[in-house]
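Number of protein chains: 2
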Amino acid sequence: MEVEEIVGKAKTEMRSALTEAESKQILARYGIPTVEESAALTPEEATQMADELGYPVVLKGLGSKLMHKTEQGLVRLNLSNGAEVMEAAKFIRKAAGDDLEGYLVQKMIEGHREFVAGVFQDAQFGPVIMFGLGGIFTEAIADVSFCIAPLEENHAWQMIDELKSRKLLGAFRGESAADTNKLLKVLMGLSRLSMEHPEIKEVDINPLIISPDGNVTAVDALIVLGENGLAHERETLSGDEIELRAAEIRSAIDAMVYAQSVAVIGATEARQGQYPGIFSCMRNFGFPGRIYPINPYIDAIDGLKTYPDLVSLPERVDLVIVSVPRTLVPGALRDCIASGNRNVHIFTSGFKETGEKEGVELQQEIEKIACEGGLRIVGPNCMGFYVPASRMLTWLKASTKSGPVSLISQSGGNAQDFTHYTSSKYGIHFSKVVSYGNALTLDSTDFLDYLDHDEETKIIAMYLEGVKDGRLLLKLARKVNSRKPIIMLKGGLTESGARAASSHTGSMAGGMKVWNAFSRQSGVVLVESVEQMAGVTLAFHHLGKISGRRVAVLGVGGGMGVAIADACARVGLELPALSAETVKKLRNIISPAGTMIRNPVDAYEAFQNLNLIGKTLDVLSANGEIDNIVIWMHLDWLYIYKVGGAYLEEIARYLISEGRKHVRDKSLVVVWKQYEPNPEISKWISVVEKILLSGGIPVYEDFSNAASALSKLAEYSGWLKLYRN
Amino acid sequence: MEVEEIVGKAKTEMRSALTEAESKQILARYGIPTVEESAALTPEEATQMADELGYPVVLKGLGSKLMHKTEQGLVRLNLSNGAEVMEAAKFIRKAAGDDLEGYLVQKMIEGHREFVAGVFQDAQFGPVIMFGLGGIFTEAIADVSFCIAPLEENHAWQMIDELKSRKLLGAFRGESAADTNKLLKVLMGLSRLSMEHPEIKEVDINPLIISPDGNVTAVDALIVLGENGLAHERETLSGDEIELRAAEIRSAIDAMVYAQSVAVIGATEARQGQYPGIFSCMRNFGFPGRIYPINPYIDAIDGLKTYPDLVSLPERVDLVIVSVPRTLVPGALRDCIASGNRNVHIFTSGFKETGEKEGVELQQEIEKIACEGGLRIVGPNCMGFYVPASRMLTWLKASTKSGPVSLISQSGGNAQDFTHYTSSKYGIHFSKVVSYGNALTLDSTDFLDYLDHDEETKIIAMYLEGVKDGRLLLKLARKVNSRKPIIMLKGGLTESGARAASSHTGSMAGGMKVWNAFSRQSGVVLVESVEQMAGVTLAFHHLGKISGRRVAVLGVGGGMGVAIADACARVGLELPALSAETVKKLRNIISPAGTMIRNPVDAYEAFQNLNLIGKTLDVLSANGEIDNIVIWMHLDWLYIYKVGGAYLEEIARYLISEGRKHVRDKSLVVVWKQYEPNPEISKWISVVEKILLSGGIPVYEDFSNAASALSKLAEYSGWLKLYRN
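Protein chains in written order, with the working numbering: chain H, 2 to 726; chain G, 2 to 726.
There could be a bad hint or two in this list.
Each pair may be met inside one copy or between any two copies, as identical chains are not told apart.
What the hints assert, rightly or not - In silico SDA-like links for lysine to any residue, alpha-carbon gap of 25 angstroms or less:
(1) 514 <-> 145
(2) 546 <-> 397
(3) 480 <-> 122
(4) 546 <-> 719
(5) 70 <-> 115
(6) 691 <-> 612
(7) 358 <-> 599
(8) 398 <-> 681
(9) 586 <-> 392
Source of the hints: derived by calculation from the structure; they are not laboratory data.
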């Protein structure tokens, strides 16, 4: 039977699950190696089929009402002749009683190495392929890896590689390595099946046995029917229509981002000691376009004439900002539609994110209005846009400089914190920042597509709690990421974080393993905090790509060796021991007794005489033993050796002029650390940082921050290499 | 046969490993349930024994030269009658050939759940008990837990609890839960065996099978003879003699710590732009006692008459500091012995830590001199003492205030960084600080014992790379820790860190799993960085113990909910959802629409009116739902709400006066965060911190630092409860 027939039959019989035999028939159609088997109705027929298959065999009782077959004794293994089959069949008949519908006779597959493979549905990403350790260990050990369908071959290899139990797939205790071709067939087959049959919700192959000769066989399998999360992908739109719609959305976002005219519904005078309101924030930031306060209760705000509604405005505007109590939002949206204004930012909160009935229903109401009216909505429950070039800002203060980074943030708080931090600490500025909250109509995917086409954006940072269409996000992110690195802070990866996310922007947050699969497949760099996102952005901004994970550290200070080695190891960077030849060359530069040459290089003497730093960098970068050089400035110690912060400035100036030349194609990073908050030293820190940043050298406080940034950069560079091959 | 006889026989036969049968005989003596079995010489005898044991049985070929029995087909499972045994025995005879010495007939033990248990030797901690998932998964999954012998029952439970595969030990897939009493017998038996028989180096039980009925059986076992690291514990000293020796060492350390007279061998004039030397440092810090510079080449230093050697001094001194080139150290030590000076700090480096022949040999030489002369040596390769009360300091600058914390640090650099950081950032000062480097004669255990008896020391911090006698450290730390918390930074836990540690102080660093066992057994709190050690010290200092892991957060700021929830979950703190009753009470305090009441509590309004903070704290602390309260001050936001840093000071003052009363017995912690480095805000940070610290409220920058400190405190409190029961 064909897949459609089997599924159709089950549906007719109102079954949500296929039988074991049906399930394996379908798997076989998708190239998945399954155990040889036949169904029989009587003990006699079973015996005959066993004779045909060849011994030893397994005999199972069949019946749609039979559950927990093993526990009930309805599965008999290793039967070695006809008499044993006959006896087993009789036993099964007795044990199963009236529920018995027949027998399944299978070739007995030997093998201790049991795995599982399957498909399940993720609320955001649809079908996910699963592979892991099986047998009785499946639940207990939970050694599984995921990949979002559709799978490509290199994803399948990565899945296998991620398992701790992957050793079992190699040659193991006298048994042959698993037939990798067949393993691949299993995973790729599951992927194709899940993509081609959206009516299949779950597939569970357990066990998938690796025989001593390395053969791979699906011995038992279960397919469950249902909704599989691909429904929306089967829209009737053509590729051209989809692109047309995307182009429309991009052009709407462009109009908002570069708005010449803005209306603020619910504009008020600024109040002291409180958030002054969006209208004031836009004016404070120097928005140069036409701005219309909408407020039926007063005549003028801040010297500007107010209007009672949008319909009364002299023009259609590029952006309407809605900042009224939540119960008035539906009316405001209707006003938008009536006046022909389609681009809207809803600042107001109190919707789905409350988790309460009233808010959820109100969101449903405005969603309906927005969809019917064809509105492009940013929000609700968000801060909207910060675009320095357009002088658009909805909060109190931000840099007016433009830069190469754009940010898509579900949270307004994080948008403010991240932009403040990145601008003021690292001197990196922004092109477009959007906070979009509950994502009523415009979601992260729309903004990502927009930024992909935006020439000013070179690096994309994202703060995400959830996404409506995970599959689209994956597809888009993968494409964009190969041109512009995407750095993502995913909130709600832990269970309690997910609960918090749901009450922050009403998002489903999704499990950590699925998001790790997302990162592996898309190359998107996942980070754990706003600060780390800023630090990684800094590394991408100044270094771009790096060639590998090997680090040499050049510094001065007690105890640094052990701590730095541990910090590198924690994030997967290597701190290779230097070769004898390199050590010898370094000895010629750094001479004093008692100073050992290892990695980190204790360069006490070099820091007394800057030219020696250059010579040391020459040796380190010439030897092909490392990819990155970190200069470790323990400020307390440097200050002791050559009293006066001016010397710290000298070092920084040397590094951006001479130092950079000596590292050749290696990446150069500076780390400073101050344990004693001596204000005499502290005041030089920002001087040193500014010089280094102006010279394109990333500078971090604390080694672990630099290590995490380099490690993420290496991860991205590795993905890019794989992606391009 | 008794254990001694079996071991003796093997030794006579020059075997380093016992046979399977011998191994199991010994295990059985120690109460470990082993499979029933007998040895046979001929196939006929094997058949007869199988009849006696009852079928099914397992038949194995025996022979001291037979390796990889399974792969060679010398193990035949599940034989169900005499004929099968006979046939199997003949097959084995053929396969093994001349190496066959006999047969082992065992009752066939059924069970899918295979574990391993055993004993191995750690270089620092001696016998370690191991328990983990077995069968073919042992290597592949590496799900094992360790405990340093001797085991106590609660350790055994913790070992079991730490396994990811512990689910397999419960009722599982229709099989009964493992007989916990028997499991305990296995682990406790291994512990006793390893303690009572130092000639046993390794024990490997694999598999330990859990049968469907829950029975526990050691099916195969191997015992290897050798040195087991307990040798030094079998010294001939009596308990009284050991205590007498410890008392002598304590009194020597006491003399050094409170030295009235110090001689510095190798004293020189301070040089500009360099470390000025120990003599100058001691003088600069205001050492009030008699200080003698020893230097045969000059007459006076800094106005003080020099002496050519110790013998010329007018008195014996409390402490001799040796600061001469390494080749002169042996002579300096002989001078100590000749002059009757026994308490010595060797500052000089260039010994074992170099890893080079010359240094290693020089260390052996001075060790010999020191032992023969009965010297008490701190060092070499270290900074020695910092004792504010005695005005002793060997580096440039430190607080002159005394405090409740003492530090034992193998690294001089870390001693400086940690004390600088803790004193100046958290206002916590030190009683005794010792940096002891290569630990020639005095090791961490000696200093720990001293601090245990030191009434001024309330909290002990340690930076350790390695330890000579891990078992003594465990014993001591466990005892001390129940009275004075020990916070330990263990350097070299990663592989490359261990390599670095070996070249820093010449220490063997040991594996992470063993040190985790050490922490679990001793209750010593392990931290990962100098900064974390300071943060945890702060929590211990102000909070002491805490009642649990449940945290409520009261704050203001966007996006904090998700990030805080994720940060708590990462370190194992709980952020419980508040009960409906509590939410209702909070609603009466914090009213405005749009502000949701959840945990974290978004207390925008409370921060506008400080009395509301008190009321909120009342509700949170009264409900029995939480153990700790964190006040989250997002400075950028607070500054917006009520412009002016003076208001931040007001909040801090309110918290230390009123606020503290409202939290009752809950612990209160404050966290601040500033993303926009607005200098107008920044200048208030140290003001706020000082106020809070003076009022006994720990204050941290960044939530994750507070979370890690609370989590470590909870870990300690949990251990203490267990320890006292």
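Results for each hint:
{"no.": "1", "hint": "514 <-> 145", "in the structure": "both (9 angstroms within a copy, 23 angstroms between copies)"}
{"no.": "2", "hint": "546 <-> 397", "in the structure": "neither (35 angstroms within a copy, 42 angstroms between copies)"}
{"no.": "3", "hint": "480 <-> 122", "in the structure": "within (23 angstroms within a copy, 53 angstroms between copies)"}
{"no.": "4", "hint": "546 <-> 719", "in the structure": "within (9 angstroms within a copy, 46 angstroms between copies)"}
{"no.": "5", "hint": "70 <-> 115", "in the structure": "both (19 angstroms within a copy, 23 angstroms between copies)"}
{"no.": "6", "hint": "691 <-> 612", "in the structure": "within (22 angstroms within a copy, 43 angstroms between copies)"}
{"no.": "7", "hint": "358 <-> 599", "in the structure": "between (64 angstroms within a copy, 16 angstroms between copies)"}
{"no.": "8", "hint": "398 <-> 681", "in the structure": "between (30 angstroms within a copy, 14 angstroms between copies)"}
{"no.": "9", "hint": "586 <-> 392", "in the structure": "neither (55 angstroms within a copy, 43 angstroms between copies)"}
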